[in-house]
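Protein sequences, first through last, are from chains S and B.
Letter by letter, the first sequence follows residues 600 to 908 of my numbering.
Letter by letter, the second sequence follows residues 173 to 447 of my numbering.
Listed next, the stretches of chain S that the computed footprint assigns to chain B, with coverage defined by at least 3 CB atoms under 8 Å from CB atoms of chain B: (1) 635-646; (2) 859-872; (3) 883-897.
According to the in silico footprint, chain S covers these stretches of chain B (three or more CB under 8 Å from chain S): (4) 195-208; (5) 213-225; (6) 270-284; (7) 289-303; (8) 373-384; (9) 416-424.
Sample of chain S residues lacking proximity to chain B, with all beta carbon distances greater than 10 Å (derived): (10) 652; (11) 655; (12) 661; (13) 816.
If you are wondering where the hints come from, they were derived from the structure by calculation, not from laboratory data.
Note that the structure is a prediction, hence the values are computed from the model and not measured.
Ideal placement from N, C-alpha and C gives every residue a C-beta, glycine not left out.
Letter by letter, the chains look like this.
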Amino acid sequence: MKTRVKSHAQMPFRVGMLFVLPALLLFSIFILYPLATALSYSFFSWKGTLQGPFVGFDNYVTIFTRAPFDEALPNAFSHNLLLFAGAMIFQNSVGLGIAVALHKIGRLKRLFQTMFAMPYLVSPLVVGYLWSLLLSPLFGPVNATLKAVGLGDFAHPWLGDPNTAIWAIVFITAWQWIGFPMLLYGAALGGIPEEVTEAAEIDGASGSKRFRLITLPLLLPALGTVSILTFIGAMEAFPIPFAVGGSTGSPAGATDVMALLFYRTAFESGDVGSIGNSSALAMVLFLFIFVGAVALRIALARGERKLYG
Amino acid sequence: MKRRFNILMLPKHFLLWLYAFVSLAPLSIMILNSFRTTQQMAKDPLGLPEGLNMGSYQKAWVTASFETYFVNSLFVTISSVFLGTAVSLLAAYVFARSKRKVFVWLEGLFLSGLLLPVFLAILPIFYLFDALGLISNLGGLILVYAALSIPFSSFILAAFFRQLPIELEEAARIDGAGHFRTFFFVLLPLVRPAIATVVVFRFVPIWNDFFYPLMLMRDRASYTLPVGLTRFFGEYQTDWATLFAGLTIATIPLVILFLVASKQLVAGLTAGMSK
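So here's chain S without its partners, still in its complex pose (with noise of 0.2 Å):
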């Protein structure tokens, strides 16, 4: 509940204005002075650290033209779709049987909520490398068990078949990430007030259709902050494809993502142009996440318009 203030008395400006300051200087220093330069940055044609004339789009139409951007970016772009696509799956069928598993389990549920969420909290950085070193062909534990189950013939070098490699990243990604949605699905199902559910059992609704018609519908606001967050998650993937394809995305591109692409046209392209081309990529990708997370948002909020009337 909110406490109503009651005048402005309280709070002289010149307090709430020394209060604030410190907050302001660094938020404005470290993000909206570099977002504001950056935007900047993307219009004008730069010769090494040199800023040349203002430039309009000539950047963004390079960076969706020219090689190597004309393939790379397409390339990079598409990985990052299906690191979303996996979670969303992963999470929503995985994660959401789970969450709905330990919901009435009584004793043993803040164990089982401690173990799925540890690999959420390790470094994604660590996690990717642990993996990398799993999945190795060498003497990796994932081909060593299972050839000791005897599938020694789906043994494979998973992270250097370029068919494969991004599949394991999806996998990887998804593998950390569900601690979170499945926590999330956990508290919204505790919110749901146990007298509609025993009602709807009353009046004879199975076990599936309760879950349909009471459960699922309850659970939508905690879907949708997720599939948001997801999302957001999903276009800045930038460690676990780094620690496992280092930072040109081996094999071959096969696991390039647009944070690794805009990394090494910033720092390791050489590129005269590099400032203008990196920062016009910033900026697409900021507008598609920024976009797209309000997108979202809003066909959350008319979902729930729709269902609650």
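Starting from the structure of chain S, add chain B where the hints point.
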């Protein structure tokens, strides 16, 4: 509804334990293998350690400079969490207690930082650091992380300040305390639970962050653990035992944090949802 144990619950328990295995096996292998030698792993990839062999830890800690990386990470994380929380506390108090347009607007501005991929604006920060001589300077990194903490921290703290009855401040005011004394001696002790959530919840991403130090910390002496790890993985490629030990060292502080503060962590995770 009574919860009875019945036969139908068996598969449920089985599946939960199965996923617990999927979730924990990789991390367990990491820890177990950190106590084995590379030769043992090559001979038997799925074997167990034969004792608590700390040789790999010693090698990672001393020879591979993990001591430096670890101390840097700890220093940067603690300082930036402290600074970020302090400035957010001050701002959050104003957001909760003043209805002036400018503060409402500023709160919205800070909040927008929660959804925006602000890390994409790294290049201007790089040139700013370059101009100020802050490349490879841990103090610069601390300022960036403190700034990045403001959206989440001020959001959580402002929500908590709003729940405090304003009568407390009025009573303090009547007793003659000024704004600063009221804030430090009356309100701060009361928002401790929210501070705990913010501190624990910001510790994890800052400790784990890899993006900023990769670009801003260029000198080995200023590497944090994640950047140190990338260098380390190039140099010790075939020395698996040391690699596993290094990964474990980078993970231990988080496991400890999770064990002592899982309540605050879950609170922080679910707080994002009410937004």
